[in-house]
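Construct the entire structure; sequences and hints are all you get.
Number of protein chains: 2
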Amino acid sequence: MISITAYMNVKPEYREVFLEKVQQVVELTREEEGNVSYRLFEEVSNSNQFVMLEQWKDQHAIDVHNRSEHFQTFFASAKKILAEPLTLKRFINDDD
Amino acid sequence: MISITAYMNVKPEYREVFLEKVQQVVELTREEEGNVSYRLFEEVSNSNQFVMLEQWKDQHAIDVHNRSEHFQTFFASAKKILAEPLTLKRFINDDD
Numbered sequence: 001m002i003s004i005t006a007y008m009n010v011k012p013e014y015r016e017v018f019l020e021k022v023q024q025v026v027e028l029t030r031e032e033e034g035n036v037s038y039r040l041f042e043e044v045s046n047s048n049q050f051v052m053l054e055q056w057k058d059q060h061a062i063d064v065h066n067r068s069e070h071f072q073t074f075f076a077s078a079k080k081i082l083a084e085p086l087t088l089k090r091f092i093n094d095d096d
Numbered sequence: 001m002i003s004i005t006a007y008m009n010v011k012p013e014y015r016e017v018f019l020e021k022v023q024q025v026v027e028l029t030r031e032e033e034g035n036v037s038y039r040l041f042e043e044v045s046n047s048n049q050f051v052m053l054e055q056w057k058d059q060h061a062i063d064v065h066n067r068s069e070h071f072q073t074f075f076a077s078a079k080k081i082l083a084e085p086l087t088l089k090r091f092i093n094d095d096d
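Protein chains in written order, with the UniProt record's numbering: chain A, 1 to 96; chain B, 1 to 96.
No lab work stands behind these hints, which were simulated from the structure alone. Since the structure is predicted, the reported quantities are computational estimates derived from the model, not experimental observations. Worth double-checking, as some hints may not be accurate.
Pairs involving identical chains hold if they fit within one copy or between any two copies, as the list cannot separate such chains.
Unchecked claim - Pairs of lysine to aspartate or glutamate, EDC-like flavour, derived with a Cα cap of 20 Å:
hint	residue 1	residue 2
1	Lys80	Glu20
2	Lys89	Glu42
3	Lys89	Glu43
4	Lys57	Glu32
Pasting the structure below:
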């Protein structure tokens, strides 16, 4: 299993647009065969700092996701919506 | 570096108590020599599901934290505050 933590710092004026667009991505991603978990969280002390906690079966599942129309559509709008580039951390589980 | 993701599902009636107690833990943990990052997030679709994203220099740093008074005090109240036991996921970074 591969875990990814994706940090997204959203411009305050795009908060509602972000939430609408990302919700579509969440729903469609969870339907992907290779996705194990895909959950969106918001930092308690910083209301426009979000993080997506992702779990994938394998690298192929991530490749399929990255090529998907829903992810590509979201990614294309990210530059406008995010205050800084998306930060990804990738982990291999140490306790599964 | 060791990363820990700690999921906490808080009883709705203890939400404010949790936020107050956990804030103390966040402040004191960030002062620990072995802590790299310690950030609290709340799930967007589930307002009482929290996650602490933790990064530590090494296992010794985690051991020191687990023995600290602030963590022990928080942990002692967790059974009352949490709707289910704390879930921990432990990772070794794959891209550092």
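Verification of the hints:
no., hint, verdict
1, Lys80 x Glu20, "within (14 Å within a copy, 35 Å between copies)"
2, Lys89 x Glu42, "both (17 Å within a copy, 19 Å between copies)"
3, Lys89 x Glu43, "both (16 Å within a copy, 19 Å between copies)"
4, Lys57 x Glu32, "within (11 Å within a copy, 35 Å between copies)"
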